[in-house]
Amino acid sequence: MERNAQKNGVVNLAAAVMIFIAAFVVTCFVNSLAGQAASVFLGLGALIAFAGWFQMRLEENERLEKLELNELARAKGESTLFDAKDSEVFPARRAREQFEKFFVPGFCVLLLVLEAGAAWLLWRWIGKTTTGLNAARAMPALSLFAIFSLLLFLLGRFSVTISRLENHRLLRPSSSFLLAGAFVCAFVALGIAFVEGKFLQADVWVARGLCVLLGLMAAELLLTLLLEIYRPRVKGKITRPLYDSRVVGLLAQPESLFTTAAQALDYQFGFKVSETWFYQVLQKNLPILIIAQLAVLLLSTCVVFVDAGEQAVLEHFGKPVATLTAGAHFKLPWPVDKIYRYRTEQIQTFMVGYTPDEQSESATTILWTVAHAKEDNFLVGTRAQATVTNSDDAMDVAGLASKSPPVSLISVSIPVQFQITNIYDWTYRNGEPTNLLQDLATRAVVHYLAGVDLNDVLSHQRLQAAQTLQDDIQTAAAEKKLGVKIIFVGLQDIHPPTKVAQDYEKVVGASQQLIAKTNAATALAISTVLHADALAFATNQVALAARIQLESSANARAALFTNQIPAFDAAPAIYKQRAWFQAFADATINTRKYVLLVTNTQDVMIFDLKDQIRDDLLNLNVPNDK
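Those letters in the sequence shown? Residues 1 to 626, by my numbering.
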């Protein structure tokens, strides 16, 4: 290999290392996410430049070794120098072969880990970071990245041209990385410029794009390593270095696409398609065509259609200037003017307490004891305090049984429906208004459940709880000026946590049985007491009636005896006869009697003593229907 190739490799390595260090310092100075990704890319380029330069030195040493051996062979004309083993005669070649056999694959595996790991870590870091670009240091960083881009472009373009004209395959990887690094630094500078133009997410977009680039490089390197295992080895054939990335080469030299496409078309069609006038015109005027398409695309952003039921906020360089209603509207092209659409007439819904899944949405019957979604547990008050005495740990210092705290756990599924009433408040008063509204609703639910009883909220207080929560969430949203109206709050799925639902059902069943038995015992006690009171009252009344009857009878008999004395004194015989007849009549009141008036006759009397039909059966009282 010629000496100038090594010099170019050293220059590429030095430039890659210095600009990598400078870019890293500027990135820390301005706190740019895109700068972090660009620093990783430039660092990988420095590693590849070092590997390429080292391999060029090995091949140069091998070339010099061959020249020296050839000179020795010509001078002495002996072949005994070549009778020894190759490892003894050609140490430089042996070192180069060992380098390509072991170091290059290991170095590529290291690159794969670095590229994939950097892409994954940077992507996660971009999603989690909350700090933005330092606005006070943005302009110096913009200038420095523009300078980096210019330096890398000049040096990279020169190296790429040299490697292509002189066919330096080991110079090509570092040259491509330098030229691609120029474009990467240019993109970082553009991202910082857009941030200065009030497009605050431009730096994040550039950073994510560079993460995707690192991911593509890792995927390409993995595929290259897998194919290298099955690649047939031909002795003496010079192969492309494993660390020479085609993705980076395409980014550095996009015009190579035309060469590849022309070769593919020529091969497929069997004639020189690349020499036709259409292909030549397309190749020459492609930038103009792309610019024309971009112009048409930008002009298409000047017309915006707002659908029915929607409102849109029009921003001019990031500042809201108007509210657009349903219909067609004209605006300046993107990114000067941008619109944000909101469905102000649509009832939107979010859930508090659980995250629905496909299984829970398709289920027709949901049981407490079966997990049907990702649920959150909330603390809820309870009036009952259970005394814990079955464990030594439950005893306090004084040896007394401790009581469980007056709280329980509960799972709820609360749909909250709202409508946007003020899009300015919804868009600009708070960051992430949807998440803020969900947090406010969750806080209201936690605050409410902590002050109510478990059994009440599970039974008869659902409607009251829903109305109270709706008022609380509306009040909190009004305090934060979210610009929304809470339409509905429902408590559709309230139950104990799934793990304890079965035990809770047993407790509730035992409580209901206790209440039923207590009510039955109370009813039996009331019935027994009332029956005893009634029986005592009846006994007292019977005794009182018997006493009154005895007293009345005694008084009547005394009065009768008093009245009988004058009658007896007036006619003793008649009185006795009358009394006898009266006693006889009373004694024989239900007895059949026969009266014989004639006593001096000799008639024969025949008596039929058979019972006759009773008079009450012969003389029935028939009711008169009239």
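Keep in mind that the hints were calculated from the coordinates and are not lab data.
Predicted model only: the values in this text are computed from it and were never measured.
Possibly wrong hints are sitting among the right ones.
Said to hold, decoys possible - In silico DSS-like cross-links for lysine-lysine, where the CA-CA straight-line distance does not exceed 27 Å:
| no. | residue 1 | residue 2 |
| --- | --- | --- |
| 1 | K319 | K485 |
| 2 | K128 | K66 |
| 3 | K101 | K198 |
| 4 | K481 | K338 |
| 5 | K319 | K198 |
| 6 | K338 | K480 |
| 7 | K480 | K198 |
| 8 | K128 | K319 |
| 9 | K7 | K101 |
Said to hold, decoys possible - Each pair of labels, with its calculated beta carbon distance range:
| no. | residue 1 | residue 2 | range |
| --- | --- | --- | --- |
| 10 | P335 | A292 | 35 to 43 Å |
| 11 | P335 | K7 | 24 to 32 Å |
| 12 | F54 | V303 | 52 to 60 Å |
| 13 | F350 | K319 | 25 to 33 Å |
In this text, a Cβ means the ideal position worked out from N, Cα and C, and glycines have one as well.
Which numbered conditions among the earlier hints are violated in the structure presented, ordered from lowest to highest? 2, 3, 10, 11
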